[in-house]
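Asker: Spelled out, the chains give:
2 protein chains.
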Amino acid sequence: MTALKNDRFLRALLRQPVDVTPVWMMRQAGRYLPEYRATRADAGDFLSLCKNADFACEVTLQPLRRYELDAAILFSDILTIPDAMGLGLYFETGEGPKFERPVRTEADVDALSVPDMNDDLGYVMNAVSTIRNALNGDVPLIGFSGSPWTLATYMIEGGSSKDFRHIKAMMYKSPALLHQVLTVLADAVTAYLNAQIAAGAQAVQIFDTWGGVLSGPCYQTFSLHYMQRIVQGLTRQAEGRQVPVIMFTKNGGQWLQSMAATGADALGLDWTTEIGHARDQVGDQVALQGNMDPSVLYADAPVIEAEVGRILADFGAHDGHVFNLGHGIHQFVDPESAKIFVDAVHEQSAQYHAQS
Amino acid sequence: MTALKNDRFLRALLRQPVDVTPVWMMRQAGRYLPEYRATRADAGDFLSLCKNADFACEVTLQPLRRYELDAAILFSDILTIPDAMGLGLYFETGEGPKFERPVRTEADVDALSVPDMNDDLGYVMNAVSTIRNALNGDVPLIGFSGSPWTLATYMIEGGSSKDFRHIKAMMYKSPALLHQVLTVLADAVTAYLNAQIAAGAQAVQIFDTWGGVLSGPCYQTFSLHYMQRIVQGLTRQAEGRQVPVIMFTKNGGQWLQSMAATGADALGLDWTTEIGHARDQVGDQVALQGNMDPSVLYADAPVIEAEVGRILADFGAHDGHVFNLGHGIHQFVDPESAKIFVDAVHEQSAQYHAQS
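These protein sequence lines map, in sequence, to chains Y and W.
Residue 103 in our numbering sits at position 103 of the first sequence; the count goes up by one each step and never skips.
Residue 1328 in our numbering sits at position 328 of the second sequence; the count goes up by one each step and never skips.
Just chain Y, with the same shape it has in the complex (with noise of 0.2 angstroms):
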């Protein structure tokens, strides 16, 4: 493999001095660009795009062509594990994501078992070295899962859900039948992960983007107690680096210091949550990765620049930043809103690393 020539990322994941905070952005390759939108057209439809590693190489590159990123992260769709588990994943117009066969009964559940990962997620392990030896050491490569809790969502919702009813009244009133699922999955993320990993991956960030419907005692129970086993069943190093995994609960901001106990090296944070209070909350144990609104770039580039200036003001002179977003970028910013933002963040984060 070629060497790294911008390790800024994997360094402040580990809490490593860095010239200036590294950045990229949740959702990077996206509708909000035009050449996105062509790639896809050309494609036919989202699940084309994924299970195509030239098309899916072709728009993980895309934002690096336009932006000072300062790391790539692998193009493909949340539900890649229940859709090789044949509960069979489609996409309704404006509706997302759905599945054809929920789990709901305990023989959907005794039916579950963990994919191949080079068979029927073999696709996405193609994907992956495909991106790493396009990149060609221009930044590393982010590799991703949704977590256990936020795969059985869909998975038992049979789609996106407000409620969570069928997932929650199974936790309720069958917590062992939950369990199961909830097995099967950390162990499928985990040899998941492990796979992206050795197809070439250098960092991993679990998504737990429904954690944050949990009570307190459920998301411990329920989400992050499966996210620890993942961390703990990880590669942590390949290729003489150390990978780091980022471990990311939406409104999980309640949460911290219990998700910072779990070994994994840096927590994603929303914007909902303070990122210099998160800082006070978790001290030295992990990085921290946030934590803009993306609402911010539908403003003018002053409002988007202050933004940015009042977030590393507020996590200050410490190592361990990676600066993003606080949730995926919106399908109607301006693309050049995004560009405001990335040179901002490099722009206005040098001031708050020592010079050596």
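Source of the hints: derived by calculation from the structure; they are not laboratory data.
Any given hint could turn out to be false.
Unchecked claim - Capping the alpha-carbon separation at 30 angstroms, the derived lysine-lysine pairs in DSBU-like fashion look like this:
| hint | chain 1 | residue 1 | chain 2 | residue 2 |
| --- | --- | --- | --- | --- |
| 1 | Y | K339 | W | K1162 |
| 2 | W | K1162 | Y | K51 |
| 3 | Y | K250 | W | K1250 |
| 4 | W | K1339 | Y | K162 |
| 5 | W | K1173 | Y | K98 |
| 6 | W | K1173 | Y | K250 |
| 7 | Y | K98 | W | K1162 |
| 8 | Y | K98 | W | K1098 |
Since the structure of chain Y is already known, use the hints to place chain W on it.
Answerer: Below, chain W without anything else, positioned relative to chain Y:
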């Protein structure tokens, strides 16, 4: 007016001693009750149900006939004020509320004014006095309003939203324009709640359903600031008693200390915050209302009872707890489970209150 036979709810909101912890349920008059569905069918549609005092009174009283609830809450819609502002509220089946004329431009904002409480919103006051008479002093009646920020989200988005892109674009791009909207709304909500109090409401709750989608600084500036103005403008005494104010920001668990500093008597809590932790933060400044996950009501009796016990123990032997769900009761809950919940609160809480 008849003397109040059960004032536990009002006493607990003012952190006065009670014999058992009072309990009510957000959305207790609702679709989970077959008798509600029957009355709604008689009324024709949802808005007709809200606008006819006899129907509104009937559905308000229905849950009190089934359960030993310690308070009634006015049955009404959260969007009565924007409707009275002439924005054209309507409901599409399965789609939630919509406005024919969303507020987007400076001209739209300039056209907004505080509606007349006796004319445009007289039907709400009529419902309040009708319900108050029908209650005959059994339990207190709660009036309510959406918060300015929450009302503004519907007015500016034109309905429900997932990413709040129009209002957030206005917030970051044209904050003065949004402040103008929120100022009119704060005046309108103050007048609206005062009119409800004059008509017989004995406590009021401000529902800030969407304050939790903001960053900390934006929450302070665009939601909490206007709720504080309302609290300061409210009639706090009526019929020789204090009229307590409850402030509820869903997903506001990180901001309880600033909420407690507004002068509200009580804070509503969703289930993502531990009530004992919340109490540690706010001390004796305010009472707390909450906070069981409504999804617990999908479980069997022992689980419901255990969860009630856990929350009571977490709050501990202090004055100032009103038990509630952390959000509205779900439509698919078995009405029998709500009875198990309400009875469990009364039965298990006596031990936490000194018997004088």
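Asker: For every hint, state whether the structure bears it out.
Answerer: Comparing the hints with the structure gives:
1. Pair hint Y/K339 plus W/K1162 holds up; C-alpha atoms about 25 angstroms apart against a cutoff of 30 angstroms.
2. Of the pairs offered as hints, the one joining W/K1162 and Y/K51 holds, with about 28 angstroms between alpha carbons and a cut-off of 30 angstroms not exceeded.
3. Between Y/K250 and W/K1250 the alpha-carbon distance is near 15 angstroms, which keeps this suggested pair within the 30 angstroms criterion.
4. Taking the CA atoms of W/K1339 and Y/K162, the gap is near 25 angstroms; set against the 30 angstroms cutoff, the hint holds.
5. For the hint pairing W/K1173 with Y/K98, the CA-to-CA distance comes to about 35 angstroms; that exceeds 30 angstroms, so the pair is violated.
6. A hinted pair counts as satisfied when its Cα atoms are at most 30 angstroms apart, and W/K1173 with Y/K250 qualifies at roughly 25 angstroms.
7. Between Y/K98 and W/K1162, the direct Cα distance comes to roughly 18 angstroms. Compliance with the 30 angstroms bound is thereby established for this hinted pair.
8. Distance restraint check for Y/K98 and W/K1098: the Cα-Cα separation of roughly 25 angstroms lies within the 30 angstroms cut-off, and the hinted pair is therefore satisfied.
Going down the numbered hints, you'll see the structure goes against just number 5.
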